[in-house]
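The chain contents come next:
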Amino acid sequence: MDDTTENSFSVDERREWMSLLAKSSEGAIKQYLKDIVPPPSFSYLRQPEVGSVMVRGKTSGTGAAFNLGEMTVTRCVLRLSTGEVGHAYVQGRRKSCAEAAAMVDALMQSKYANAVRLTVLNPLQADKQRQNTDRAQKAAATKVDFFTMARGEDT
Amino acid sequence: MYVSVKGGEQAIENAHAWLDEARRGDTNIAEINVAQIREQLSLSVNRVMAEGSLYDPDLAALAIKQSRGDLIEAIFLIRAYRTTLPRFGYSNAIDTSAMACERRVSATFKDIPGGQILGPTFDYTHRLIDFKLAAEGNAKKASKRDNSVDKMPRVSDFLNREGLMEAVIDNGDTPADLTREPLELPANRSLRLQSLARADEGFLLSLAYSTQRGYARNHAFVGELRIGLVDVVMDIPELGFDIDIGEIQVTECETVNQFTGSKTQPPQFTRGYGLVLGQTERKAISMALVDRAMRWEELGEDDEGAPAQDAEFVLYHSDNIQATGFLEHIKLPHYVDFQAELELIRQLREDAETNLSNTEDAHEQ
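Protein sequence lines correspond, in order, to chains A and B. Position 98, counted from 1, in the first sequence is what this note's numbering calls 249; the numbers after and before it change by one each time, with no gaps. Position 275, counted from 1, in the second sequence is what this note's numbering calls 695; the numbers after and before it change by one each time, with no gaps.
This is chain A alone, in the form it adopts within the complex (with noise of 0.2 Å):
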């Protein structure tokens, strides 16, 4: 790979542009993903595979954990023909997700980076974001407002 300052990033940058792959929906990384030409050539170091993680809980919230329940997640590994390995865990039976994603990670890693962010990364994080505020605009049109009714003499 490349010593260029524009693939270098922190695990907390890597961290959060995983985890926004884990969680699009449906589809979404690879509509954004067409609009890279070329596609980048690859090989499998996992093939895409589904399979479950058991989710943990805590006691009231805060105290001792317990095993809740499980969910659906699929994982790949692929190595791009320059290199670079991405890797790849989003949520559900979503195997050309989980392939996209890993494609999203290794790209990410390239001197592609800033391009993946712009295409990709952005309108992925536009879209959760839109749906974070319309669930929370909803929610808080359904907060009780209080009013409160002197009753008695005393003032």
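Source of the hints: derived by calculation from the structure; they are not laboratory data. Some hints here could point you the wrong way.
[Claimed, not checked] Below 25 Å or equal to it, Euclidean Cα-Cα: the simulated DSS-like pairs (lysine-lysine) are:
1) Lys289(A) <-> Lys571(B)
2) Lys530(B) <-> Lys564(B)
3) Lys181(A) <-> Lys262(A)
4) Lys751(B) <-> Lys279(A)
5) Lys181(A) <-> Lys279(A)
6) Lys564(B) <-> Lys294(A)
7) Lys246(A) <-> Lys289(A)
8) Lys571(B) <-> Lys294(A)
9) Lys751(B) <-> Lys289(A)
10) Lys262(A) <-> Lys185(A)
11) Lys246(A) <-> Lys485(B)
12) Lys279(A) <-> Lys246(A)
13) Lys294(A) <-> Lys485(B)
14) Lys426(B) <-> Lys751(B)
15) Lys246(A) <-> Lys174(A)
16) Lys289(A) <-> Lys174(A)
17) Lys751(B) <-> Lys174(A)
18) Lys279(A) <-> Lys560(B)
19) Lys174(A) <-> Lys279(A)
20) Lys279(A) <-> Lys289(A)
21) Lys279(A) <-> Lys530(B)
22) Lys426(B) <-> Lys262(A)
23) Lys185(A) <-> Lys174(A)
24) Lys564(B) <-> Lys279(A)
25) Lys571(B) <-> Lys552(B)
26) Lys279(A) <-> Lys294(A)
27) Lys530(B) <-> Lys294(A)
28) Lys289(A) <-> Lys530(B)
29) Lys246(A) <-> Lys185(A)
30) Lys530(B) <-> Lys571(B)
31) Lys279(A) <-> Lys185(A)
32) Lys751(B) <-> Lys294(A)
33) Lys426(B) <-> Lys289(A)
34) Lys289(A) <-> Lys485(B)
The hints should help you fit chain B onto chain A, whose structure is shown.
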């Protein structure tokens, strides 16, 4: 002697073909698709995910379609499917304090920071059939309001601060997992909670109701009920750091129950806890009440012999897949078993008749 019987293959094949046809129903009516079930029967989907113990709305919707809407059958399909999945690992414990709440109410305090958020609830509806729904395209749009990003602290924390609430301690132990090792008694609270989280809603509802009516009475207030999305974080060993692997909807219920105390400790409120996958409010409240009832020993309460106090009774009978498997198997062929019974009863009757006639003979003499 018994003669083994083989057969029925054609009958079974034809029965399943009819099942397929019956599932489809009248072909003049449009076929329902999985996305429609996921979006429009979402509370059925949530129940199947919770009791199937696998968060995957599309899969739960497909199972509901396949089972013709029989939710226990759908849960069965999910449980069977999940055993085929490789387990990638365990998540970190979800942080319900950081939940993006769609609903959050407290029955104990009116004015809580963050407020009472009703969310998409059936509460306060009049429970009258809405004939407008029989026509299409009449769904109202949800209202929106600009949301100041209000923090929603746990209601139990207010009581904690005053020391009025039983403390919660994270001992850092790795919890046992009943999908890996069969349930053994006595089960600690973590194991009980895992079992309750996937238990049958109807069973838990009835048990919880029984505690309210006086069987192991411990009057419960819903301190807080919240429904919303939480991130699921997992350590990825091959990377050496953790990432969000998804976002799930959960329902959490914390109850505030009556007191415990001793000569050395002043009285404190006690807690019950419910946490369930999906929007599953009735189940989460039921779980909290049953959890609390099963804590009698640890809290030094009397064993009243109430069903909800009996962990063995509750845990061994709350799983609807175990229950339905054992219950429904008795309709399958038991020809050989029954033949043995038949032989036995004939023999008993024969012996009884012989005895009787011997006695009669004796009398005649």
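Against the structure, the hints:
no.: 1; hint: Lys289(A) <-> Lys571(B); result: holds (16 Å)
no.: 2; hint: Lys530(B) <-> Lys564(B); result: holds (22 Å)
no.: 3; hint: Lys181(A) <-> Lys262(A); result: holds (20 Å)
no.: 4; hint: Lys751(B) <-> Lys279(A); result: violated (50 Å)
no.: 5; hint: Lys181(A) <-> Lys279(A); result: holds (16 Å)
no.: 6; hint: Lys564(B) <-> Lys294(A); result: holds (11 Å)
no.: 7; hint: Lys246(A) <-> Lys289(A); result: violated (33 Å)
no.: 8; hint: Lys571(B) <-> Lys294(A); result: holds (13 Å)
no.: 9; hint: Lys751(B) <-> Lys289(A); result: violated (50 Å)
no.: 10; hint: Lys262(A) <-> Lys185(A); result: holds (17 Å)
no.: 11; hint: Lys246(A) <-> Lys485(B); result: holds (23 Å)
no.: 12; hint: Lys279(A) <-> Lys246(A); result: holds (21 Å)
no.: 13; hint: Lys294(A) <-> Lys485(B); result: violated (36 Å)
no.: 14; hint: Lys426(B) <-> Lys751(B); result: holds (18 Å)
no.: 15; hint: Lys246(A) <-> Lys174(A); result: holds (14 Å)
no.: 16; hint: Lys289(A) <-> Lys174(A); result: holds (21 Å)
no.: 17; hint: Lys751(B) <-> Lys174(A); result: violated (45 Å)
no.: 18; hint: Lys279(A) <-> Lys560(B); result: holds (24 Å)
no.: 19; hint: Lys174(A) <-> Lys279(A); result: holds (9 Å)
no.: 20; hint: Lys279(A) <-> Lys289(A); result: holds (16 Å)
no.: 21; hint: Lys279(A) <-> Lys530(B); result: violated (32 Å)
no.: 22; hint: Lys426(B) <-> Lys262(A); result: violated (68 Å)
no.: 23; hint: Lys185(A) <-> Lys174(A); result: holds (19 Å)
no.: 24; hint: Lys564(B) <-> Lys279(A); result: holds (18 Å)
no.: 25; hint: Lys571(B) <-> Lys552(B); result: violated (38 Å)
no.: 26; hint: Lys279(A) <-> Lys294(A); result: holds (23 Å)
no.: 27; hint: Lys530(B) <-> Lys294(A); result: holds (12 Å)
no.: 28; hint: Lys289(A) <-> Lys530(B); result: holds (21 Å)
no.: 29; hint: Lys246(A) <-> Lys185(A); result: holds (17 Å)
no.: 30; hint: Lys530(B) <-> Lys571(B); result: holds (16 Å)
no.: 31; hint: Lys279(A) <-> Lys185(A); result: holds (19 Å)
no.: 32; hint: Lys751(B) <-> Lys294(A); result: violated (52 Å)
no.: 33; hint: Lys426(B) <-> Lys289(A); result: violated (61 Å)
no.: 34; hint: Lys289(A) <-> Lys485(B); result: violated (30 Å)
Hint compliance for this structure: hints 4, 7, 9, 13, 17, 21, 22, 25, 32, 33, 34 are broken, all remaining hints hold.
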